[in-house]
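Chain by chain, the residues run as shown.
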Amino acid sequence: MDTFSLLTDGFLLAVQPLNLALIIAGVTLGLFIGAMPGLGSVNGVAILLPVTFLVPPGSAIIFLAAIYYGAMYGGAISSITMGIPGASTAVATTFDGRPLALKGRASLALVVAAIASFIGGSVANILFTLFAPPLASVALSFGPPEIFALMMLAFATFVGLGGDDIPKTILSICFGLVLSAVGFDAISGAPRLVFFDISGFLHGINFLVLAIGVYGIGEMIWTLDSTRGKLTTTKASMSFSGVIKDAKEGMGRSWKGTTIGSFGGFFVGMLPAAGATPGSLMAYGVAKMVSRESQEFGKGHPEGVAAPEAANNSASTGAMLPMLTLGIPGSPTTAILLGGMIIWGLVPGPRLFIDEPEFVWGLIGSFYVSNFFAVIVNIALIPLFIWMLRTPFTILAPMIFVLSVVGGYAAMQDMHDVWLLLIFGFGAYFLRKLDYPLAPAVLAIVLGPIAEPTLRQSLLLSSGDPMIFFSRGISGPIMVIAIILIFLPLLKKIFYRGRATKARA
Amino acid sequence: MRRAEITTAGVLALLSIYMMWKSTELQIGYIRGSGPGGGFWPFWLSAIMLLCTVLIAINGVRRKSPPSQTDEPFLDGFALKNLVFVGGALVAFLLLISVVGMHIAIFLFLIYYVGFLGRHSFVVTASLAIGVPIAFFFFFDGLMRIPMPTGMAFTNPLYDVLYGLIY
Chain G
678 MDTFSLLTDG FLLAVQPLNL ALIIAGVTLG LFIGAMPGLG SVNGVAILLP
728 VTFLVPPGSA IIFLAAIYYG AMYGGAISSI TMGIPGASTA VATTFDGRPL
778 ALKGRASLAL VVAAIASFIG GSVANILFTL FAPPLASVAL SFGPPEIFAL
828 MMLAFATFVG LGGDDIPKTI LSICFGLVLS AVGFDAISGA PRLVFFDISG
878 FLHGINFLVL AIGVYGIGEM IWTLDSTRGK LTTTKASMSF SGVIKDAKEG
928 MGRSWKGTTI GSFGGFFVGM LPAAGATPGS LMAYGVAKMV SRESQEFGKG
978 HPEGVAAPEA ANNSASTGAM LPMLTLGIPG SPTTAILLGG MIIWGLVPGP
1028 RLFIDEPEFV WGLIGSFYVS NFFAVIVNIA LIPLFIWMLR TPFTILAPMI
1078 FVLSVVGGYA AMQDMHDVWL LLIFGFGAYF LRKLDYPLAP AVLAIVLGPI
1128 AEPTLRQSLL LSSGDPMIFF SRGISGPIMV IAIILIFLPL LKKIFYRGRA
1178 TKARA
Chain D
240 MRRAEITTAG VLALLSIYMM WKSTELQIGY IRGSGPGGGF WPFWLSAIML
290 LCTVLIAING VRRKSPPSQT DEPFLDGFAL KNLVFVGGAL VAFLLLISVV
340 GMHIAIFLFL IYYVGFLGRH SFVVTASLAI GVPIAFFFFF DGLMRIPMPT
390 GMAFTNPLYD VLYGLIY
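Going line by line, the protein sequences match chains G and D. Following my numbering from start to finish, the first sequence increments by one per residue and tops out at 1182. Following my numbering from start to finish, the second sequence increments by one per residue and tops out at 406.
To be clear, the hints were calculated from the coordinates, so they are not data collected in a lab. You can trust all of the hints, since none of them are fake.
Here are the simulated lysine-lysine pairs, BS3-like style, with alpha carbons at most 27 Å apart:
no., chain 1, residue 1, chain 2, residue 2
1, G, K922, G, K933
2, G, K1170, D, K303
3, D, K303, G, K1169
Please model the complete structure; the sequences and the hints are all you need to start from.
Here it is as structure tokens:
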């Protein structure tokens, strides 16, 4: 079957009553989660994943992907009306969105954000549909060394491009990988790393325990600490004719930024460490650079809203591409989706396109449907979201804590996990204060169970010779790129130091 | 902040050493015919972690990392209060689950948080504290068939009635 007929089948699956209802519920919930400062797509997906055990896996992932999608739209709402990014992915949206709101053009900014998001999402969906099948068929020939090399590349991008403190990033990755090794050694069957001989560790550490601990507990305590309870909202009045007028004006002035964001975002989104936040910042920078009115940026130019918003939606779809075709998530949120797929008994990676075409194409079809509903729900319910943003944190925070605890229990039904979740939460809060990046640890605990066996199988194939990773056609170049990325920050430092001494001499 | 940076690195170093030691319970080297042993992966990763903590500590001592450059306290008055009132409540919440069960623990936690910390009205507090555990009961215990912890035996009469509703 060709791509088009597969996609048509996917559409039909996505608009089945249950899936359609989940899509609408998902984007609405996602919009709210994205709009709420301190909550992003990753928090929403991590905390709500246990809830989805109720429905079949295909529908569950459609629901979670819809949340992911909606959150990308929602982030703009608080960036514009409150001047506080609703999620890190919407940071760049505040640069011009907030000035526009202060000028009394909040509705223009909100409409431009919604339309740019829609276009970004649509472009990304088309790119996804075109690229996914060929990439998956190439990836089918990958053996353990290739898969391990890809894992190394995923971690290397965090080190080389993440922009965080290097030793802290590496520590975070290694910690996640060690946690994933707790339980039983899959090859010899012996119990492994049963800390303090507590029997609860025998069933391993579910990735959800770490993800919910970090994003549900740790990040919430951190947000309570850092916002200190001070938030103000700007009102935006919306009417149907006003929306049409704003849409015309906005698109006339921001088509270029939208285009840059749509395409640039997708490719940045595919990189594991990059994702939607750097994607949107980059799109903002490029849009400003090529604009003829670049001095207007930062003072309230619609293009400065359109570029990052198109990019963050595009990047969120881009992040799904390596997740589905290679089994390597392109962002922390997709890492959690990937972990969910493993719980549901689906093996992520290229085989998925052959073994579970219904699942894959239903999900891809749902991207299109979600994108469509997200823009409708977004524009229709903007007044409601602004009203909901006034929900005091003293109500929202305890609800998230309760949902985290219940969700953490529901995953494995063991109080041991809930205590561990709380410990991770406190740990995450302290480490966050000291600028330790925690997303790499979450990614690592999901990828660990794939990375370790592939490493061991590869070394068995080569009877212990690590050169196997470099001597094969595909894994060799990937490993070399990974190693360059790991040493990139160091090379940069040496380069700049060299230039500085030359300049002095 | 600087002292916190160095202390944290020290704690993480101890954790790494503990994990390295724990990994040696299994083979950490190459076993002829069956590949690297079960302890190989966690051992060497923990070793890399240990190396990272040393680098972090050195950067902290030399004031090279941003947290070690500010003189702001690691936990100021607000942060400490936040941690005690919110973090402490979470610990109490988890302890309560083992005593009175998940649903009553949620009820008490929400009364404390919404009513006492948030100073919301009696109506808001009561409707959330009663509504949320009931909704969770029907969703998780009822719909998803995931029984939540019921605490000690004295809650049995309550749960006998509740389970009668859903089973």
